[in-house]
Amino acid sequence: MRHLLSAGDLSRDEATLVLDTAKELAQVGDRSVKKLPTLRGRTVVNLFYEDSTRTRISFEAAAKRMSADVINFSAKGSSVSKGESLKDTALTLQAMGADGVVIRHSSSGAAKRLSTWVDGAVLNAGDGTHEHPTQALLDAFTMRERMGRVEGLRVAIVGDILHSRVARSNVLLLATLGAEVTLVAPPTLLPVSVRSWPCSVSYTLDEVLPKSDVVMMLRVQAERMKDAFFPTAREYTRRYGLDDDRFAKLHDDAIVMHPGPMIRGMEISAAVADSPRSTIVEQVANGVSVRMAVLYLLLGGSESAIGN
Amino acid sequence: MCAQKRAEGDIGADAKTVLEGPEINRALTRIAHEVLERTKGGADVTLLGIPSRGVPLAERLAKRIEHVEHLEVPCGSLDITMYRDDLRMAPARSLSPTNIPPEGIDGRTVVLVDDVLFSGRSVRAALDALNDLGRPRAVQLAVLVDRGHRELPIRADYVGKNLPTSLRESVTVLVDEFDGRDAVVVGPARSRGARPTDTAAGGTEEAK
Amino acid sequence: MTDTNTYLIRGARVLGGEETDLLLRGGRIAEIGPGLDGGGAATVDARGAVALPGLVDLHTHLREPGREDAETVYSGTRAAAMGGFTAVHAMANTFPVADTAGVVEQVWRLGRDSGYCDVQPVGAVTHGLGGTTLAELGAMAESIAAVRVFSDDGHCVSDALLMRRALEYVKAFGGVVAQHAQEPRLTENAQMNEGVVSDRLGLAGWPAVAEEAIIARDCLLAEHVGSRLHICHVSTKGSVQIIREAKRRGCDVTAEVTPHHLVLTDDLAESYDPIFKVNPPLRTADDVEALRAGLADGTIDIVATDHAPHPIEAKETEWSNAAMGMTGLETALSVVQSAMVETGLLDWAQVAERMSAAPARIGRLSGHGRPLAVGEPANVVLFDPSVSREVDPAAMASKSANSPFRGRTLPGRVAATFLRGTPTVLDGKVQ
Chain A
1 MRHLLSAGDL
11 SRDEATLVLD
21 TAKELAQVGD
31 RSVKKLPTLR
41 GRTVVNLFYE
51 DSTRTRISFE
61 AAAKRMSADV
71 INFSAKGSSV
81 SKGESLKDTA
91 LTLQAMGADG
101 VVIRHSSSGA
111 AKRLSTWVDG
121 AVLNAGDGTH
131 EHPTQALLDA
141 FTMRERMGRV
151 EGLRVAIVGD
161 ILHSRVARSN
171 VLLLATLGAE
181 VTLVAPPTLL
191 PVSVRSWPCS
201 VSYTLDEVLP
211 KSDVVMMLRV
221 QAERMKDAFF
231 PTAREYTRRY
241 GLDDDRFAKL
251 HDDAIVMHPG
261 PMIRGMEISA
271 AVADSPRSTI
281 VEQVANGVSV
291 RMAVLYLLLG
301 GSESAIGN
Chain B
1 MCAQKRAEGD
11 IGADAKTVLE
21 GPEINRALTR
31 IAHEVLERTK
41 GGADVTLLGI
51 PSRGVPLAER
61 LAKRIEHVEH
71 LEVPCGSLDI
81 TMYRDDLRMA
91 PARSLSPTNI
101 PPEGIDGRTV
111 VLVDDVLFSG
121 RSVRAALDAL
131 NDLGRPRAVQ
141 LAVLVDRGHR
151 ELPIRADYVG
161 KNLPTSLRES
171 VTVLVDEFDG
181 RDAVVVGPAR
191 SRGARPTDTA
201 AGGTEEAK
Chain C
1 MTDTNTYLIR
11 GARVLGGEET
21 DLLLRGGRIA
31 EIGPGLDGGG
41 AATVDARGAV
51 ALPGLVDLHT
61 HLREPGREDA
71 ETVYSGTRAA
81 AMGGFTAVHA
91 MANTFPVADT
101 AGVVEQVWRL
111 GRDSGYCDVQ
121 PVGAVTHGLG
131 GTTLAELGAM
141 AESIAAVRVF
151 SDDGHCVSDA
161 LLMRRALEYV
171 KAFGGVVAQH
181 AQEPRLTENA
191 QMNEGVVSDR
201 LGLAGWPAVA
211 EEAIIARDCL
221 LAEHVGSRLH
231 ICHVSTKGSV
241 QIIREAKRRG
251 CDVTAEVTPH
261 HLVLTDDLAE
271 SYDPIFKVNP
281 PLRTADDVEA
291 LRAGLADGTI
301 DIVATDHAPH
311 PIEAKETEWS
321 NAAMGMTGLE
331 TALSVVQSAM
341 VETGLLDWAQ
351 VAERMSAAPA
361 RIGRLSGHGR
371 PLAVGEPANV
381 VLFDPSVSRE
391 VDPAAMASKS
401 ANSPFRGRTL
411 PGRVAATFLR
421 GTPTVLDGKV
431 Q
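Protein chains in written order, with this note's numbering: chain A, 1 to 308; chain B, 1 to 208; chain C, 1 to 431.
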């Protein structure tokens, strides 16, 4: 059984297959019967060790639209909070016959560890500061829908790159799909070896904006301030926030993305977030389509069509 | 998600062509006339091709109907992949487009168009798919070739050619739009066994 | 097992030299030479095996008292014997911490009772390893355990003033502070070596500078106050350079490297299997090369195992929740053969210096690390470098199975270990 653990596991053909499949499945959301029988009788477990209502709901909607049986297993109030180890939980899921396990965990690599303990397909729904591959897929899908292509797009990813699983997955996937990525952040929020990544790096948002087709704003957690990654929220916003003036520097077709949940005012101004060039709402809808595609490709056949 | 062009190697050296371009043309023209007759002028007909090779055949039928009756027939495609009963017998397949014409299918006479009718399982899947999309007034089935060996109680309303075959044979339809020529070719089945439900073994007609 | 037993070792290659015989009698080496007549002595056929003085480990975690689920003095000393060790220094991070004369004497006694290997307790530098007040170093030194090595291992004595005081204080009884060099603020929640791999894996980085900065500071401090300093488990190229420079200037510093840091690299973390999670973390191939060179040229004085047993549940978990550490006693000599001898960096005499004589000197351990000569204590290991084995932690004497070498094929095998003339291992089996 194959898994989706890292955006880097996908070849260009596989990533394109996911996006193409998602494109077809997006229609299901517009139909009177928003359901396909494809995964009938298959069990998908949502194993969430972190609170993330939006990601869990997105996976749940995706699995249910494909007629899978969905079991939500949240760490809070379960045996997990009583100290059960991930491995014991994995063995429980195994005994329940889970065909697919969607895992969100605060520890980098938890999805990969889980994949060594269960027979079912493991979908990484965010592991620590490592990766969040379906977020990258839905971002690429959103870009393709809006811009008609991904290859050759100039994508600026702005914010806390160091702690961002979204950034890691996006850098890998966008490089695979041929986009030109520029990471924009204060040096403290960039990994030390970022120059070895398949992307460019800038410390200055104002220089990058006019040359960008897509601007992806990442969440910056306020607690980073305590750890001295930047002096104050105000200074961060002044240098890296997407306010109305900066927004005006973008060319007319450029779009603004945010994986949510966003901090209006700090990373992005309210006017920008609500502008028609912001894709924040459609990212949510696209998330369901992309996750349906991934579930179908991993679980729909006798063996996975991706992640090989 | 485009149909793959069928390579010569797919067809096999000892395959024989049983229908050539002109015969296929005549068969489609005849089906067009029959559709008009049976639907009393075709006023509420919607043609839906089953990908991949049912789609160009549906488009050709639409053109012929338009030519004969000066009537624009809505024409689209209906992918059945997600409704197949043999999904778990092969790796997950890529999807083909489903394009439902803007008129929708509620209250219409939907004519499903496919290249080959074999076990009937593809048509069963198509009926399920239609059911999730709306409620047609009637559903009819047009196929270019009926090769027999049904496994479900399904029959075609319009048949280009009945082609009695052995389960040890495969029937392959080539269409100009994808393959550069029109032909129906019969050859030996390419792999073990000959159960038509087994896509790996049956004919290409089941492996869309 | 009594030390009145007499053993005739036939055909051993002392320090890798020509085959000869050794007669062990009364706990001492009675005779060395070809064709010895052992009389009624039990004969050990050691043809092809290298005879080395019993190995001394300056850095072992025996876990007792407190974590007997991971290791006990009994199981740990059996593991040590299987690895060819005749003396180990038991680190102080037990529960309770070995920061009083009472605890160190308890550990020392447990070692005596086990009889497989001498156990020399290491005393904590600070009370409860808390890093704020000095433990009663003098009381531990004067106890029956005669502690000479003091370490907060697992924790860095990061307070510069406290470190200065400790360095000065232990001079009174010939002690040495063994520093676990890890700047705490630079390594908060750190999971693995900071670099290309950690950035890709999203695991919090553990920069080399966090080790190097402390080593540089402590070398300067030791130089200033004229004290001995020992650096535990050196893991980076920069650390080797700093120590080399400090020694050149005359600083009385010694350093150790673990077997695993001589061969394993940080890319192993890509499996996210915490069997490769260790403190200090596995570094890059560049660091491994520098550590080998440092051990070869004497910048790094000794190999010490940092044998750190953990129960299986501490490792069968996600990386960030897993315990740090690897077992090492039973693979150390094989790893050194592979990394240092087969590469031509060390000969067996130099291995004996780095794994027996020098650690005994640093630990002020009399009766260990002595040359293989007539009249010396009969602490001898017979090591057959010609065989190879697949590492199977389940078959090891240690209570824990967290060997990073599991499943790997390593050269060499300890055929026999003698502690003061008594075999603790014979025919590769613990006695």
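Derived by calculation from the structure, the hints in this document are not laboratory data. Careful, some of the hints might be misleading.
[Claimed, not checked] Listed next, the in silico DSBU-like pairs over lysine-lysine satisfying Cα-Cα at most 35 angstroms (straight line): (1) LYS23(A) x LYS16(B); (2) LYS35(A) x LYS16(B); (3) LYS40(B) x LYS34(A); (4) LYS34(A) x LYS16(B); (5) LYS16(B) x LYS161(B).
Results for each hint:
Proximity of LYS23(A) to LYS16(B) is assessed by CA-CA distance (about 39 angstroms); at most 35 angstroms being required, the pair is judged violated. As the CA atoms of LYS35(A) and LYS16(B) are separated by approximately 43 angstroms, the hinted pair breaks the 35 angstroms bound. Restraint check: the Cα-Cα separation between LYS40(B) and LYS34(A) comes to about 34 angstroms, which is no more than 35 angstroms; the hinted pair holds. For the hint pairing LYS34(A) with LYS16(B), the CA-to-CA distance comes to about 45 angstroms; that exceeds 35 angstroms, so the pair is violated.
For the hint linking LYS16(B) to LYS161(B), the alpha-carbon distance of about 16 angstroms falls within 35 angstroms, and the restraint holds.
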